[in-house]
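Let the sequences and hints guide you as you build the complete structure.
Going down the list, the sequences are from chains A and B. With this note's numbering, the residue at position 122 of the first sequence is 122, and numbering never jumps. With this note's numbering, the residue at position 58 of the second sequence is 1058, and numbering never jumps.
Just so you know, not all the hints are guaranteed correct.
Claimed, not checked - Here are the simulated lysine-lysine pairs, BS3-like style, with alpha carbons at most 30 Å apart:
1) A:131 - B:1078
2) B:1123 - A:223
3) A:131 - B:1204
4) A:220 - B:1108
5) A:48 - B:1073
6) B:1022 - B:1204
7) B:1115 - B:1078
Don't read these hints as lab results, they were simulated from the structure.
Here are the chains, one letter per residue:
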Amino acid sequence: MEGLKIVFEGNNFLRLLSGLWVTIRIALISIGFSLILGSLLGAAMRMKSKAVRAVCRAYLEIVRIMPQLVWLFIVFFGIVRTLGINLSGETSAIIVFTIWGTAEMGDLIRGGFESVPVHQYESSTSLGLTKFQAYIYVIFPQAIRLLIPNIINLSTRMIKTTALVSLIGVTEVLKVGKQIIDANRFEAPNAALWVYGTIFVMYFAVCFPLSMLSTAIEKKQKKLSA
Amino acid sequence: MAETIIEVKNLHKQFGDNVILKDISISVEKGEVIVLIGPSGCGKSTFLRCLNGLEPIQGGSVTLHGEPVLYGKKSLTKIRQHIGMVFQSYDLFPHMTIAQNIALAPLKVQKRDKKEVEEETLKLLDRVGLAGKADSYPNELSGGQKQRAAIVRSLIIHPDIILLDEITAALDPEMVHEVLKVVLDLAKSGTTMMIVTHEMAFAKAVADRVIFLDGGEIVEEGTPDEFFDAPKTERAKQFLKTFTYSD
Ligand SMILES: Nc1ncnc2c1ncn2[C@@H]1O[C@H](COP(=O)(O)OP(=O)(O)OP(=O)(O)O)[C@@H](O)[C@H]1O
Ligand SMILES: [Mg+2]
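Here it is, written out as structure tokens:
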């Protein structure tokens, strides 16, 4: 049981919590930027210009093809080394997650707009609504409703993927855990189980409510669209 | 003297190289009910869509009270407040209640008083037999009820003309009647309408004038009695033959 004791010894638990906060902070800021930029990307992907769509498509594919870890290394080591810019690990992480999140969010949002039947747009404008009003009152509310579960799922994925940032030296929750385990390697050899167990519970506490929310919204939508 | 609501002159419409409507001219007078019939794919829906600017036209003109209906132009939003349209598929907004669906245009487009709109909504719902459905969502209604609500949504803007495009085509047979009854009632109260339908008995009952469209042209035009009992053209005769079982 000394493992469990280690978790709560001194300020260890607080340190884990602040590590968790780093994780959440990186995820939240990235998700926020991704939502804004992703909406723009989603709109751009629906433009008539073939060139614009091709560029967007290329961006999406390039971002998706490479593992996020590679992107982290490219931005953190690559850009820092070659351009000599002083970028903190956390900033690099936010940049990378935003690049990734924008691509995924953009594709989701494009799909959301496309899934609202064109009839809905036509019946709105037939009522005298302007294009803008049709989007505000009819298209966007329906698209976003369809998208909320997907956006939440993507957010959960982004939160989980932030675990990678410990590899570019950011002290997030996993890294804190490792530090605690290392510091108690001799007094409590089984600390790893307890520390990682605690981290598991922490991730669960953050992500589970989100996935419940997404399921609940999905259910409600099924009812509305039946 | 009759007042002309919609005037179509030499309308020409094509999709790419595919000519759909050639040289169509029609004028619709106030209070008139025109039924447009013709074989599937002859361009009836396309014609109605041209009337309220949902489709660009390649020649001729459409005017409403003398104002040109121009595809993609800003002036359309104003013109469309004078044209009600109900489509074949249920196009109520699924995320809004029936009352919200109906009140959207009067509140946001016409900027009318909320209370007044509410009262008229209830009155119209009652008129089409949907009293008590104001707070339901579209998916809680039957197909026939949805179409009646859609009719109310187009009525509340007080349009000069209502365009109905096969509004019963997607309905189960037992619901067709309740919807057609509403339309017939509107016709009796003097509503100007242009109706596309495959229900011949209904067409005969409701129309002041029947227009038979085929091959992109108006092939025959006349009163329902003339058209249904003594069609002049071979094509109209052939077309009507396919419906004889339903009478
Ligand atoms: N957006 C479009 N692009 C290309 N062709 C189209 C388009 N819309 C309709 N058409 C074609 O125009 C023709 C007329 O179609 P329309 O829907 O107006 O016929 P309709 O008389 O309403 O037929 P129905 O009785 O089946 O509803 C059809 O051949 C159709 O394939
Ligand atoms: Mg049609």
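Open item on the list: Checking one constraint from the list: CA of residue 1022 of chain B to CA of residue 1204 of chain B, max 30 Å. Satisfied?
Closed with: 26 Å, holds
Open item on the list: Would the hint linking residue 48 of chain A and residue 1073 of chain B be met if the CA-CA limit is 30 Å?
Closed with: Holds, at roughly 18 Å.
Open item on the list: Does residue 1108 of chain B sit within 30 Å of residue 220 of chain A, going by the straight-line distance between their CA atoms?
Closed with: 27 Å, holds
Task: Hint consistency between residue 131 of chain A and residue 1204 of chain B [alpha-carbon to alpha-carbon, up to 30 Å] - done: 38 Å, violated
Open item on the list: Against the 30 Å threshold, does the CA-CA distance of residue 131 of chain A and residue 1078 of chain B hold or violate the hint?
Closed with: 13 Å, holds
Open item on the list: Next pair to validate is residue 1115 of chain B with residue 1078 of chain B; report whether the Cα-Cα distance is within 30 Å.
Closed with: 23 Å, holds
Task: Hinted pair residue 1123 of chain B and residue 223 of chain A, Cα distance within 30 Å - done: The given pair, whose Cα atoms are some 28 Å apart, holds under the 30 Å limit.
Hint check: a violation occurs at hint 3 only; the rest are consistent with the structure.
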